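Colleague: Residue numbers (the numbering used here), protein chains in the order written: chain A, 1 to 982; chain B, 983 to 1403; chain C, 1404 to 1489; chain D, 1490 to 1690.
Worth double-checking, as some hints may not be accurate.
Stated by the list, open to error - Output of the computed footprint for chain B on chain A, the stretches with three or more beta carbons under 8 Å from beta carbons of chain B: (1) 83 to 93; (2) 362 to 376; (3) 432 to 438; (4) 767 to 777; (5) 792 to 806; (6) 948 to 960.
What the hints assert, rightly or not - Footprint (simulated), chain C over chain D, 3 or more residues, beta carbon under 8 Å: (7) 1533 to 1542; (8) 1638 to 1644.
It is worth saying that the hints were derived from the structure and are not from the lab.
Source: prediction; values computed, not measured.
Even glycine gets a Cβ: it sits at the ideal position worked out from N, Cα and C.
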Amino acid sequence: MRRQPFRTAEGGHLIDRTGPLRFDFDGHRHEGYRGDSLASGLLAAGVRIAARSFKYHRPRGVWGFGAEEPNVMVTAGIGEEARPNLKATEIPLSEGLEASGQNAWPSVAWDLGGALGLAGGILPAGFYYKTFMWPARWWLALYEPLLRRLAGFGPAPPAPDGAFHAKRRVNADVLVAGGGPAGVAAALAAARAGARVVLADENVRFGGDLLRAPGEIGDGDGLAWIDAATAELEGMSRVRLLRRATVTGYYDHNLLLVAERAAGDAPPGTPETRLWFVRAREVVIAAGAHERPLLFAGNDRPGVMSASAAGGYAHAYGVLAGRRAVIAGNNDSIYSVARLLRSAGVSIAAVADTRPDSEAPDLPCRAGRAVERAFGSRRVRGALLRRTDGRAGDRGERIACDLVAVAGGWSPAVHLHAQARGSLSYDEERGLILPDRPGGANRSAGAAAGRFDLDGCLAEGWAAGVAAAASSGHERAAGEPPRSPDRSAGDAPVFWQLGGGKRFVDLQYDVTAADVELAAREGYRSVEHVKRYTALGMGTDQGKTSGMAGLVLLSEALGRPVARTGTTTFRPPYTPVPMAAMAAGLIGEGQDALRRTAADDWHEARGAVFTAAGHWRRPRYYPREGTGEDEAIEAEVRETRAGVGIVDVGTLGKVDIQGRDAAAFLDLVYANRMSSLKTGRGRYGLMLREDGRVFDDGVVMRLGESHFYLTTTTAQHHAVMQHMEYLLQTVWPELEVYATDVSEHWFAAALAGPGSRALLGEAAPGLDLSDEAFPMMAVHAAAVADLPALVFRMSYSGELSYEIAVPADYGLALWTRLLTAGREHGLVPYGTDAMGVMRLEKGHVTHAEADGRTTPDDLGLGRMVRADARSIGVRSLALPALRRKGRQQLVGLSVIDAQARIPPGCQVAESGDMRPAPPLGHVTSFCYSPTLGRALALALVENGRARTGQTVHVASPVTGFSTAAEVVSPVFYDAEGVRLRG
Amino acid sequence: MAAMQRYSIFSLLRGALSGHRDWQPAWRAPEPKSSYDVVIVGGGGHGLAAAYYLARNHGITNVAVLERGWIGGGNTGRNTTIVRSNYLLPENQRFYEHSLKLWEGLSRDLNYNVMFSPRGVINVFHTDAQRDYWIRRHNGMRYAGIDAELLTRADLARLVPALDLSPGIRHPIVGGVIQPRGGVARHDAVAWGYARAADALGVDIIQDCEVTGIDVEAGRVTGLQTSRGPIGAGRVGLAVAGHSSRLAEMAGIRLPIETHLLTATVSEPVKPFMDKVVSVAAAHVYVSQTDKGEVLIGGTLDGYNSWSQRGSPARLEDILSAACEYFPRISRLRQLRHWAGVMDMSMDGSPIIAKLPVEGLAMTGGWCYGGFKATPASGWCLAWTLANDAPHALNAPFSLERFRTGAVLDENGAGPVAWGH
Amino acid sequence: MLLIPCPFCGDRDETEFAYGGEAGNERPADPGAATDEAWTDYLCFHDNPKGPHRELWFHRDGCRRWLTVERDTWTHELRSARLSRP
Amino acid sequence: MADDATDARRSALAGLDLGSRAGGAGGVLLGEGPARESFVLRGPVDDPAFAQAVETALGAGPALEPGEARECREDALLIRLGPDEWRLVAPLSDDGRLAARLASELAGGRGALVNVSSASTVITVAGEHAADLLATGTGIDLDPAAFPPGRAARTRIGNAQALVHRRAEDAFELHVPRSYARSFWEWLEERGREFDAAVAL
Ligand SMILES: Cc1cc2nc3c(=O)[nH]c(=O)nc-3n(C[C@H](O)[C@H](O)[C@H](O)COP(=O)(O)OP(=O)(O)OC[C@H]3O[C@@H](n4cnc5c(N)ncnc54)[C@H](O)[C@@H]3O)c2cc1C
Ligand SMILES: NC(=O)c1ccc[n+]([C@@H]2O[C@H](COP(=O)([O-])OP(=O)(O)OC[C@H]3O[C@@H](n4cnc5c(N)ncnc54)[C@H](O)[C@@H]3O)[C@@H](O)[C@H]2O)c1
Ligand SMILES: Cc1cc2nc3c(=O)[nH]c(=O)nc-3n(C[C@H](O)[C@H](O)[C@H](O)COP(=O)(O)O)c2cc1C
Ligand SMILES: [Zn+2]
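Given only the sequences and the hints, what does the whole structure look like? Please build it.
Modeller: This is the structure in structure tokens:
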């Protein structure tokens, strides 16, 4: 048997006949040519059943030629490489391609699911809304699993997409969407006018409709003109031609997404997709039109297809979609398709024209007739033609054939125009939905604007190109537009259906005319309701072929004009976009950069276990030989409190504040006063949000009369910067203050513990560390470990402590030099967990306590707030609910059972039985304190401070844990602050 | 009026025999009367539910629902359909749990299968701080009598095989929590089911009827101006989601609500591979697979006031990269469609179901991301509030006054920044 | 994705900016003298028009200026953008 | 101390060991630029005293076009980043002298000068596809007509904010916040696969 029985001996401008390619479909080996699509390859090989439908598993074959294909979706690749739901018309054949049919078992050719078709009667649109309600439990146990089993097309992929996908952002004067005659003319005109042009077409070759059917431009072949024009464009430096590139979405301010697919024979390393984000000043939409179906019984059988597609397979690929064809339609294109097919070797059984007085002496014409029914089950075997005027006595004509090519007219591709929120109009006479007022800087041209003659398309495209270039400031003369002898309007009377029976409207979701009529009868009258009730247009083709038919049927059922029915909303993407392409460059650190401190390499080498703090990573603790995590953390605490520890605090936000009004500004930004600070001294500062809740805290240091340096928490640093700029630029623009973010410039480490003074004394011999010369909250510039540093005396751990900041380039040197110097002092590096334990022992609050709901008073910080209502947030503190008695307040909880440990996420309750009852509050932070030898917690508890001394319960019902604790002051350790003095 | 045609497997079989020619309209298409006892503005789930409960619970049947477009075409028709009651604040817990209980009986109550599917709603976490928060929230639910469980990584691997639990990713997942009774429902069916049941009790559902003005006389609402003429009303309930500020403005009232965009997207349908609803809160993405097979993915706001119902591709990149990161096999699928809804973002992230400072006027709104799950209880409470001219204990905390006194219900602690919630 | 014409930097994508809400929402000059109602008006009750809106945007990844932008919240048409503090 | 300090300098990219990755001649060459001294200058451009102080110290006035990078005294570069913000970038060998001069000219007047020398890492991107690689992650118009050599812009690229300075049509310098530098480098390398990006020393 011939390997490609339906391949013609010659012809096919897209294929290269030197050396066939082999490919597999559903386990069978076939042959095709380079340049074929999988669809043309399957047709050439004589594969007629290439898919099964969604609901009834009916056999389906290729219907279309490109993006509009509703039927044949396949899974390409096998095993982990499988990609489901690809349109066979869009898959380039490549050597060794393996594809399989979907939604069928064991194969699309022989699918047991086909039996479901028999149950079709009880499964009309929306049947599931009417049943499966009793008994309630069965929904989850039985009914829904059954429905889910039937759902879906392709298999769920078992593995992630491993391919490389690229992205590119570009700016253009003019983006032309669609590279048919209109688009190429537009691009050429705009480019010659001097505009920066991007021309994108979804096909492998520019030419649009000319790929499917020959046409004349100038005095020669249309495609030759296209090739010459694209060659000219290719030579212009400000022009970018994108093939296999679908304009998928039209977004705000003329941003368009274009998904470019790799060629079938692309060299390895070529990105599988490149997603272009084109910001265009002007857009020309030259997206052509989609051929419409006709509705008749059996119109879904393999072998019933779009006439222009049937012609296209012959012209572009040298493939016959059948050997004996009935061609039926309502416009002149049926004659050119018939001649095209005949010259390729198809015998033309009949050409049925719905119009009564058309004729073509060279063809077996049946004027005034249409198909009423297609025969055959696994593929079409014949068609019944009948008069369209319903004259009595017409017994119909049954014609044997294996191809029914239908030409129901054209639907302009208004998708992009509509996505841009352009309005649509309905031309009743021509039966066309047309772009009306544009919704952005765009214009439609050619078939996309309802212009169907080649000459008109060229003229319109050209004019659109000239106009778009002019609107973007380019007015060089572009020359004369190309002309074509083809000036036939191509208009057709509106015609949809003949006869009854199972007429499919949406092939993909098996929506029939009866379903649409049922929806209308049941009161789902809005076109949007019908879409949702029947799923019409919700498939992967988004109704490109079915949409209009659905509208007309619905309008007829309701007896109202199509214009009143309107369309459903057009939404991106125009054709599906790979998720992996959207995600390209944005996975892992690509999306979420990992910020590292200057000492990060050291932490990593030391084997630190890290934790995430915003974008940063910070050492949680440093593992120790022979002990577990808890022991290591406890040791870090113990050794710091007994000797000296060092912690990387490089992640804190740091801001330099200068300017005449710096002090006044800080008084307004913080709830406590900063203007009274003396130079060389610092103060703990509390920042509120305008609604009175605690926003951030940190230390403010005065470096000069109008020069301050302040720290923020790691998490809020960006928010604080933005907040300060907001205040300076919009609320108090009269203040002259410059806030400069210096977080990245400074690295910082804290030395903590009674031994810190001795160690620092050694590392900074020039610095007098006596209490008199260097009291608490003082700041000095000094050389530390021979590095230029700022040293602050402050404490978070509750021990004598110094924070040392150096420019980050020296950060690692500071860290390693201190560690070396500290060896004799027993210096221990500690991480955030030990820091957390020490701060908890001291009752310092963090974001767990300042959770965006708490006021200063809730946190026991009320006395810090200055009574100046001008400061941010202070006025809100006077609102009744913020002054209300009985608010939750911060307390300490000391667990009574010294062996008990607190699990995460505990609530605080009156009793320990964990029965439903309103809890008193919740634990915000917890630890086991090696210092005090028991578990401690901070908690927000209703009326908490008044409960001091009472016993409450700390409980986690989800883990079945509960223990008793005493309410105590949140400062568990060294309340007098003796240790700060060292 | 005719008794409602019952839906069941038997009626479906009978329909099959008659070629499905005997099905009656699910709801009528009446001409508006000159006045009603109560008019509900907004034919989304909330408005339709309010009308239904007014008729069913309070015997008030001279009711109209006015919808400017087609019922269910607002956020009801464009959301990610997650239903749950796993809230942090007690006021929210009580309210949403009441709603969940109504969901559990809803299909049978309405005789319309809304396909409520309690398949379990999972939240995962990555850091200690997130762990503490999520467990605390679920512990709080237990104290409120709501189901909640803790999941280990092994549990997650078993329940959600598609989830990437490897330690090598940017933010490794360390655990999760689940509300087993949470799930999804068929969004459209909720609107249609309420409409059909309300219609059967005498409620007029009037589509293509836009309210353009609210008539107030001596501080009392008397009727509405609409695109289909004036309609008198004894009381008026607003249930217009993203459009709340506009309607309130018609009565001279300002609301602490801003309108923002939220995007959702679906993949092409594939065979089932994920039956839980999974939310990765830290990455602002939530994922489920519908009964038709699409993977349904939702994310976070576009973050600026907008009524445009179409979101930014930048947000899509965020949402889809997060989805691909945590559910890697999704990266092999293709995005089929995306859309956006206009969200009524309140200033504390919690709703307003309350009487307004015009006699006879009440509203439900300010739903932010979360109002689909609230549909039954929101309608239930609005109906109560309209019928009794006073809030029920369940919705008393969701007052407008709280924004004046500071007694806000700020689940996320984000402060008065509408787009921060 | 909006394209915001920063008066200093030129056209930039929305992703470089942080949104700041209504532009005309003035902070009471003397908060201490403001009634609860006036104060909470400022805090919580903002303009939310469907149509032209004056709003603030922070050019976080560019000049770090706060801009006052006039944008239609329905069409997203951007009518003007100027520096909040010239 | 100065010497000791200089030796102690360490690049944020040191951990990547770029030396071991060097080689190849791809469509884009990535490298690390030399460390610089870098200062944020703030001040009122319309204040004549401020303008004069800057002009005197640097030999270039502050009234530059947005994004203009003007060469000034001591091989330094003054870049206008905002209405009242500039970046002064000087070679390390300058050892702070230029900034000191500027500081003393500014002393007592308005404005502010802040040392941020450690705040960013300089990454060079050069070669035929240099602009294409940047265009994988930033929306600013990199067409040489819109963004010619000698221009700079602070913008967002990929996973970081960066100050992009075009030195020649096909050569860029990116000043990236130090803590982001490694992640950003890796992002560049990964996105650069499309162009056979290689590391240049
Ligand atoms: C993308 C997205 C995802 C979401 N995900 C979830 C989720 O997973 N779970 C969840 O619980 N919630 C979710 N939500 C929120 C939820 O969808 C809404 O809160 C809820 O559906 C609101 O219902 P509604 O009936 O109040 O509003 P809508 O359904 O919007 O109904 C309001 C109706 O009022 C009509 N209307 C407006 N103005 C007028 C007028 N002047 N005259 C007459 N009629 C008018 C509108 O046309 C509309 O139909 C999501 C929302 C979005 C957009
Ligand atoms: N005889 C008839 O009745 C009839 C009817 C319709 C069209 N035509 C012929 O069709 C041609 C119309 O010319 P035209 O240029 O307007 O349309 P076209 O169909 O020739 O070209 C449009 C091109 O745009 C592509 N495209 C569509 N959407 C796209 C997207 N989103 N992204 C990228 N590419 C996209 C299409 O694949 C096609 O290649 C003329 O030759 C005309 O004579 C004839
Ligand atoms: C849960 C859910 C599932 C959806 N599934 C699909 C789908 O399979 N196919 C489809 O085209 N649209 C689907 N949509 C999107 C709708 O088509 C539509 O975009 C959405 O309801 C918003 O309405 P609009 O686009 O008409 O504004 C789905 C929407 C929701 C809420
Ligand atoms: Zn700017």
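Colleague: Compare the structure with each hint and give your call.
Modeller: The hints, checked one at a time:
1. With 3 residues bearing a CB less than 8 Å from a CB of chain B, the stretch 83 to 93 of chain A meets the requirement of three and the coverage assertion stands.
2. Restraint check on the stretch 362 to 376 of chain A versus chain B: 0 residues with Cβ-Cβ distances below 8 Å, three needed, restraint violated.
3. Given a C-beta distance limit of less than 8 Å, the hint that chain B covers the stretch 432 to 438 of chain A is violated, as 0 residues qualify and 3 are needed.
4. Check on the stretch 767 to 777 of chain A: 0 of its residues sit with their Cβ under 8 Å from a Cβ of chain B, so the three-residue criterion for coverage is violated.
5. Three residues within the 8 Å Cβ limit are the bar, and the stretch 792 to 806 of chain A against chain B gives 0, so the coverage statement is violated.
6. By the rule of at least three residues with a Cβ nearer than 8 Å to a Cβ of chain B, the coverage given for the stretch 948 to 960 of chain A holds, with 5 such residues.
7. For a cut-off of 8 Å, the count of residues in the stretch 1533 to 1542 of chain D with a CB near a CB of chain C stands at 0, and the three-residue condition is violated.
8. Interface restraint, the stretch 1638 to 1644 of chain D with chain C: holds (3 residues with C-beta to C-beta distance below 8 Å; minimum three).
Consistency note: the structure conflicts with the earlier hints numbered 2, 3, 4, 5, 7.
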